[in-house]
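Student: Work out the full structure, taking the sequences as your base and the hints as a guide.
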Amino acid sequence: NAGVMQNPRHLVRRRGQEARLRCSPMKGHSHVYWYRQLPEEGLKFMVYLQKENIIDESGMPKERFSAEFPKEGPSILRIQQVVRGDSAAYFCASSPPSQSNQPQHFGDGTRLSIL
Amino acid sequence: GENVEQHPSTLSVQEGDSAVIKCTYSDSASNYFPWYKQELGKRPQLIIDIRSNVGEKKDQRIAVTLNKTAKHFSLHITETQPEDSAVYFCAALSTGANNLFFGTGTRLTVIP
Numbered sequence: 001n002a003g004v005m006q007n008p009r010h011l012v013r014r015r016g017q018e019a020r021l022r023c024s025p026m027k028g029h030s031h032v033y034w035y036r037q038l039p040e041e042g043l044k045f046m047v048y049l050q051k052e053n054i055i056d057e058s059g060m061p062k063e064r065f066s067a068e069f070p071k072e073g074p075s076i077l078r079i080q081q082v083v084r085g086d087s088a089a090y091f092c093a094s095s096p097p098s099q100s101n102q103p104q105h106f107g108d109g110t111r112l113s114i115l
Numbered sequence: 001g002e003n004v005e006q007h008p009s010t011l012s013v014q015e016g017d018s019a020v021i022k023c024t025y026s027d028s029a030s031n032y033f034p035w036y037k038q039e040l041g042k043r044p045q046l047i048i049d050i051r052s053n054v055g056e057k058k059d060q061r062i063a064v065t066l067n068k069t070a071k072h073f074s075l076h077i078t079e080t081q082p083e084d085s086a087v088y089f090c091a092a093l094s095t096g097a098n099n100l101f102f103g104t105g106t107r108l109t110v111i112p
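Quick mapping for you: the protein sequence lines, in order, are chains P and B.
When the count follows our numbering, it moves up by one through the first sequence with no breaks and lands on 115 for the last residue.
When the count follows our numbering, it moves up by one through the second sequence with no breaks and lands on 112 for the last residue.
Careful: at least some of the hints might be erroneous.
[As the list claims (entries may be wrong)] Label pairs and their calculated CB-CB ranges:
id : chain 1 : residue 1 : chain 2 : residue 2 : range
1  : B       : Pro112    : P       : Gln81     : 40 to 50 Å
2  : P       : Gln17     : B       : Glu79     : 43 to 53 Å
3  : P       : Gln17     : B       : Ile111    : 39 to 49 Å
4  : B       : Glu39     : P       : Asp56     : 21 to 31 Å
5  : B       : Pro112    : P       : Ser113    : 25 to 35 Å
6  : B       : Gly96     : P       : Arg15     : 31 to 41 Å
7  : P       : Gly16     : B       : Gln45     : 28 to 38 Å
Keep in mind the hints are simulated off the structure, nothing from the lab.
Keep in mind the model is a prediction, meaning the values are calculated, not measured.
Think of the CB as a built atom: it goes at the ideal place given N, C-alpha and C, for glycine as much as any other residue.
Tutor: Here it is in structure tokens:
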């Protein structure tokens, strides 16, 4: 029973490049959440998606950041023209389809480093 | 929006002693409160959660209490062991909301 799968685990990019982070939810889960964690800080919500729909992107910067969760395949968090401040751990979580307030289970994260 | 505060930021206890971590929240509509344990370089791991219709929940050495009136909830770890050393995060989720609001974390060190 695989958990939330994220890849890559580590990603290094130079300023101005694009970063693509992937997340496959747990089997049976259709809700995906992306969070960002800076060193020594808590997790900050970025975006919540269901299949083919962005439900809430209130925590995601308006520029350079985008997310999708296509009908087939993993959810993708895309960061264009990366800057040093984008360096962080990006965690994906998933929860089962339900009305509300279901436990969210996290993946191992992608640690993004910007040179 | 919701604001979750967590104290203390660091906590050191002797092995076998108890550890208590406290959180407060601001949104009275919050009704789900999970606790996560995060070891260095690893994923946040859900260790226990509580819903607002319950005042206390226990799972072996871990317990969580919730005071809705005062808007605070606490994590209690008894008979601590070195492997309990990690950063612990509390979180809150409001009715109808989509995302967890996290506290700033407590770094627990259990001294053998």
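Student: State for each hint whether it applies.
Tutor: Hint-by-hint comparison with the structure:
Separation of Pro112 (chain B) from Gln81 (chain P) is about 48 Å and conforms to the stated range, judged on CB atoms against 40 to 50 Å. For the hinted restraint 43 to 53 Å between Gln17 (chain P) and Glu79 (chain B), the CB-CB distance of approximately 49 Å keeps it satisfied. For Gln17 (chain P) paired with Ile111 (chain B), a C-beta distance near 44 Å keeps the hint of 39 to 49 Å intact. At about 29 Å, the CB distance of Glu39 (chain B) to Asp56 (chain P) agrees with the hint of 21 to 31 Å.
Separated by about 34 Å at the C-beta atoms, Pro112 (chain B) and Ser113 (chain P) satisfy the suggested range of 25 to 35 Å. For the pair Gly96 (chain B) and Arg15 (chain P), the beta carbons lie near 39 Å from each other, so the given range of 31 to 41 Å is met. Range check, Gly16 (chain P) to Gln45 (chain B): about 35 Å between beta-carbon atoms, so the 28 to 38 Å window is met.
Every hint, counting from the list given before, is met by this structure.
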